[in-house]
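Student: Given next are the chains, with one letter for each unit.
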Amino acid sequence: MSKRVAITGNEAVAQAMRQINPDVVAAYPITPQTEIVQIFSTFVADGDVDTEFVTVESEHSAMSATIGASAAGARAMTATSSQGLALMWEMLYIAAGLRLPIVAPVVNRALSAPINIHCDHSDTMGARDSGWIQLYSENAQEAYDNLIQAVRIAEHADVQLPVMVCMDGFIVSHGMENAELLDDDVVRSFIGQRTPKHSLLDVDRPATFGALDFADWYFEHRRQLAEAQTHVKGVVLDVAKEFAKVSGRSYDLFEAYRLDDAELAVVVLNSAAGTAKEVVDDLRDKGMKAGLLKIRLFRPFPHEEIVAALAGKKAIAVLDRADGLSTMGGPVFVDVRSAMYDAPGPKMVNYIYGLGGRDIDTEQIAGVYWDLARIAETGKVTSPVTYLGVRE
Amino acid sequence: MANLRDLTKKEELLCGGHRACAGCAAPIAVRQALKAVDTPVVVGCATGCLEVTTTIYPFTSWRAPFIHSAFENSAATISGVEAAYRALKKKGKITRDIQFIAFGGDGGTYDIGFQSLSGAMERGHDMVYICYDNEAYMNTGIQRSSATPKGASTTTSPAGKVIPGKVQFRKDLTAVMAAHNIPYVAQAVPSHWNDFITKVQKALAVKGPAFINVLAPCRLGWQFDPAETIDIMRGAVETCFWPLYEVENGVWRVTHKPREKKPVRGWLQKQGRFRHLFRPENEHIIEEIQADIDRNWEALLARAGAA
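Chains D and W, in that order, give the protein sequences.
Okay, so the first sequence: first residue is 1 according to the working numbering, each after it adds one.
Okay, so the second sequence: first residue is 1 according to the working numbering, each after it adds one.
Where hints are given, some of them may not hold.
Here are a few chain D residues that sit away from chain W, every Cβ distance over 10 Å (derived from the structure) [what the hints assert, rightly or not]:
1. Thr34
2. Asp48
3. Asp50
4. Val54
5. Gly68
6. Ile117
7. Leu201
8. Pro206
9. Arg222
10. Val246
11. Gly248
12. Glu278
13. Lys314
14. Leu325
15. Pro346
16. Trp370
In silico BS3-like cross-links for lysine-lysine, where the CA-CA straight-line distance does not exceed 27 Å [as the list claims (entries may be wrong)]:
17. W/Lys90 with D/Lys197
18. D/Lys197 with W/Lys257
19. D/Lys197 with W/Lys89
Using C-beta positions, here's what the derived DEER-type ranges look like [stated by the list, open to error]:
20. D/Asp129 with W/Gly208: 35 to 43 Å
21. D/Pro29 with W/Gly208: 22 to 30 Å
22. W/Glu122 with D/Gln193: 30 to 38 Å
23. D/Pro29 with W/Lys90: 41 to 49 Å
24. W/Glu122 with D/Asn178: 37 to 45 Å
25. D/Arg358 with W/Cys21: 54 to 62 Å
26. W/Gln168 with D/Pro29: 29 to 37 Å
27. W/Gln143 with D/Glu363: 55 to 63 Å
These are computed hints drawn from the structure, not numbers from a lab.
Since the structure is predicted, the reported quantities are computational estimates derived from the model, not experimental observations.
C-beta: ideal position from N, C-alpha, C; glycine also.
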């Protein structure tokens with residue numbers, strides 16, 4: 001029997017980890033992720049999991065030990081935030097390049113400097129081209145559900161890639177919400193056992209992991225990594241279908257909220273989507289054809305489906321909780337706009353919001369929609385990239 | 001104790017055909033270390049000469065399972081493998097006994113990998129870490145590391161008009177590892193193969209972490225004839241530049257005491273990296289090196305109760 005509980009995002013993720021019962025977890029404390037490893041430590045201490053918990057001396061070693069464990073055939077996990085993810089950066093690429101199905105919750109937090117412990121997406125956006133699959137989560141329920149599905153996605157024979165499950169620091173990680181947790185047995189039978197093709201511990205069939213490629217092979221191996229990304233979308237959808245059967249909750253590559261007949265669309269990731277849905281409902285009541293697209297799978301980027309969902313809109317605003325610092329908008333905007341290049345052309349604008357945990361409110365999002373209405377009416381974009389809610 | 005006849009019958013886990021330089025001591029050290037293993041072994045390696053010369057895709061010289069992931073994390077990576085082994089053994093998915101050895105050069109061990117090594121040792125993983133110490137970043141072209149001895153000329157501590165090679169004495173990593181209070185720490189060199197292999201056997205036999213620092217001269221960086229590798233190693237021991245000792249459960253023991261402690265001068269003279277020290281204005285550095293060796297040797301003897 002699944003049960004409804006009042007739970008924070010971190011607690012929900014820790015519960016999912018308990019149910020996944022990984023062979024190895026190697027992790028290091030960092031705000032706002034710390035609670036996940038603290039709670040998980042109690043599961044280890046109380047014998048609620050069989051996990052070997054490796055209390056490493058840094059995030060670099062956390063990812064390194066996780067890589068070693070995964071190459072040894074174990075189901076291996078870690079968890080981090082912000083500077084911790086930044087310190088893992090080198091090893092993220094290696095985890096993906098070695099095709100290791102590691103699963104890691106990441107609690108989104110701003111990057112220094114200035115140092116800041118609150119939410120934005122600078123950390124995971126910096127890892128978007130590392131070869132990791134990235135799933136974004138609006139709330140604790142989605143973080144929990146995504147983490148369980150991530151195990152199946154990562155380990156799928158056609159994928160064999162690491163997965164990052166992202167949720168907003170403090171807003172979701174520390175906010176208490178209602179969520180429904182599945183039975184332990186349901187989760188365990190859903191994820192099954194890992195059956196690696198090669199393993200370091202398969203001593204009778206010794207294999208070399210992490211060999212040196214020169215110009216004669218490196219390109220082919222990177223090409224294979226790119227090819228694997230093309231399989232992800234289908235697997236994410238298949239796993240979601242199966243997950244719906246055991247949970248009653250359905251997932252897609254993204255959530256289209258009142259988008260079908262919308263003329264003005266906002267694209268957003270994670271918790272701000274919840275706020276934006278309120279705004280959409282309110283503006284719909286006022287007669288505006290407002291809609292929302294909340295991206296779940298950001299890497300690889302489901303560009304065809306996103307283009308199909310946004311084609312024909314009159315104006316689109318992409319809300320980025322990270323700045324690309326390229327002077328042409330945030331990373332989500334750059335991808336969405338690039339994908340839309342071949343679509344019959346809606347006007348597109350970008351808003352950078354919420355850096356370092358700055359709240360975004362319904363009025364600001366409503367303002368975005370009013371901007372879109374003006375753009376749709378006049379056909380003119382006066383400010384392609386706008387910083388929302390900042391002192392200028 | 002290792003028996004030469006038995007050792008020759010054992011399979012080579014690092015097979016020939018690798019691309020290490022003629023006269024390189026690293027593969028000699030690795031082959032000797034792996035001769036000490038009686039169970040299946042998983043090998044980890046930091047980025048460096050050993051890794052790049054033995055794993056050029058689609059070839060591998062490793063007959064044992066092998067993993068390289070990056071430069072600074074050989075210890076952390078193998079600690080994850082060892083944790084996986086414990087987890088899977090507990091679940092009955094693995095029944096065999098397996099040993100774990102992580103290799104790293106001095107750059108990957110004394111410097112960039114020091115934190116990950118210290119962490120893995122403190123956590124108590126049942127693994128052996130072997131540093132093959134060639135006293136500089138040889139893979140990238142002979143740059144100084146904290147293992148480079150005072151006076152040596154490297155490409156980032158070149159012997160110039162005003163600075164005569166590396167200014168600082170090297171870090172005493174073996175003693176630093178002994179301060180981790182792990183069950184077994186040793187210093188060794190492949191010229192004294194029986195001493196080295198016995199130490200690896202002891203390191204593998206202890207439950208928990210062990211560390212061995214093995215001197216592995218680089219004929220390119222040290223600038224000597226590749227035929228002289230073994231002689232150069234012997235010289236390091238005979239001069240007490242590289243004393244052979246072990247620290248077993250906190251007890252220090254000198255495992256080889258040279259019959260006659262030779263002056264370091266003759267040993268330095270055989271290596272091009274110290275050539276500039278023999279200019280009159282630099283002679284004082286040779287004296288400083290000798291004084292440092294003498295001081296360290298006496299301190300070691302005192303620590304080992306062998307003075």
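Student: Now, for every hint given, state plainly whether the structure supports it.
Tutor: Hint by hint, here is what the structure shows:
1. Every beta carbon of chain W lies more than 10 Å from that of threonine 34 of chain D, the smallest distance being close to 18 Å; the non-interface claim holds.
2. Separation of aspartate 48 of chain D from chain W is adequate, the least Cβ-Cβ distance of about 15 Å exceeding the 10 Å criterion.
3. Remark: the non-interface label on aspartate 50 of chain D conflicts with the geometry, its nearest Cβ contact in chain W lying 6 Å away (cut-off 10 Å).
4. A cut-off of 10 Å between C-beta atoms contradicts the statement that valine 54 of chain D is not in contact with chain W; the least separation is 5 Å.
5. Not every beta carbon of chain W lies more than 10 Å from that of glycine 68 of chain D, the smallest distance being close to 3 Å; the non-interface claim is violated.
6. Look at isoleucine 117 of chain D: its CB is around 24 Å from the nearest CB on chain W, clear of 10 Å, so calling it non-interface holds up.
7. With a cut of 10 Å on Cβ distances, leucine 201 of chain D falls inside the contact zone with chain W, its closest approach being about 6 Å.
8. With a minimum CB-CB distance of about 5 Å to chain W, proline 206 of chain D fails to clear the 10 Å threshold, and the non-interface call is violated.
9. Every Cβ of chain W is farther than 10 Å from the Cβ of arginine 222 of chain D; the closest lies at roughly 13 Å, confirming the non-interface assignment.
10. Its beta-carbon lying about 24 Å from the closest one in chain W, valine 246 of chain D satisfies the requirement of being farther than 10 Å from that chain.
11. Under the 10 Å C-beta cut-off, the non-interface status given to glycine 248 of chain D relative to chain W holds; the minimum distance is some 31 Å.
12. Here glutamate 278 of chain D stays apart from chain W, with its beta-carbon at least about 44 Å from theirs, past the 10 Å limit.
13. The beta carbon of lysine 314 of chain D sits about 49 Å from the closest Cβ of chain W, which is more than 10 Å, so the claim that it is off the interface holds.
14. Against chain W, the non-interface label of leucine 325 of chain D holds: every CB pair exceeds 10 Å, the least being about 27 Å.
15. With a least CB separation of 44 Å from chain W, proline 346 of chain D remains clear of the 10 Å interface cut-off, as annotated.
16. Its beta-carbon lying about 50 Å from the closest one in chain W, tryptophan 370 of chain D satisfies the requirement of being farther than 10 Å from that chain.
17. The straight-line distance between the Cα atoms of lysine 90 of chain W and lysine 197 of chain D is roughly 21 Å, inside the 27 Å bound, and the hint therefore holds.
18. For the given pair, lysine 197 of chain D sits about 50 Å from lysine 257 of chain W by alpha-carbon distance, which is inconsistent with the 27 Å threshold.
19. Straight-line distance between C-alpha atoms of lysine 197 of chain D and lysine 89 of chain W comes to about 18 Å, which keeps the hinted pair within the 27 Å bound.
20. The given range of 35 to 43 Å is respected by aspartate 129 of chain D and glycine 208 of chain W, whose C-beta atoms sit roughly 40 Å from each other.
21. Here the CB-CB span from proline 29 of chain D to glycine 208 of chain W is close to 25 Å, well matched to the stated 22 to 30 Å.
22. The beta-carbon spacing between glutamate 122 of chain W and glutamine 193 of chain D, approximately 32 Å, falls within the hinted interval of 30 to 38 Å.
23. In this structure, proline 29 of chain D and lysine 90 of chain W break the distance hint of 41 to 49 Å, their C-beta atoms being roughly 25 Å apart.
24. At about 42 Å, the CB distance of glutamate 122 of chain W to asparagine 178 of chain D agrees with the hint of 37 to 45 Å.
25. Arginine 358 of chain D and cysteine 21 of chain W have their C-beta atoms about 57 Å apart, which keeps the hinted 54 to 62 Å range intact.
26. Separation of glutamine 168 of chain W from proline 29 of chain D is about 35 Å and conforms to the stated range, judged on CB atoms against 29 to 37 Å.
27. For the pair glutamine 143 of chain W and glutamate 363 of chain D, the beta carbons lie near 58 Å from each other, so the given range of 55 to 63 Å is met.
When each numbered hint is compared with the structure, violations occur for hints 3, 4, 5, 7, 8, 18 and 23.
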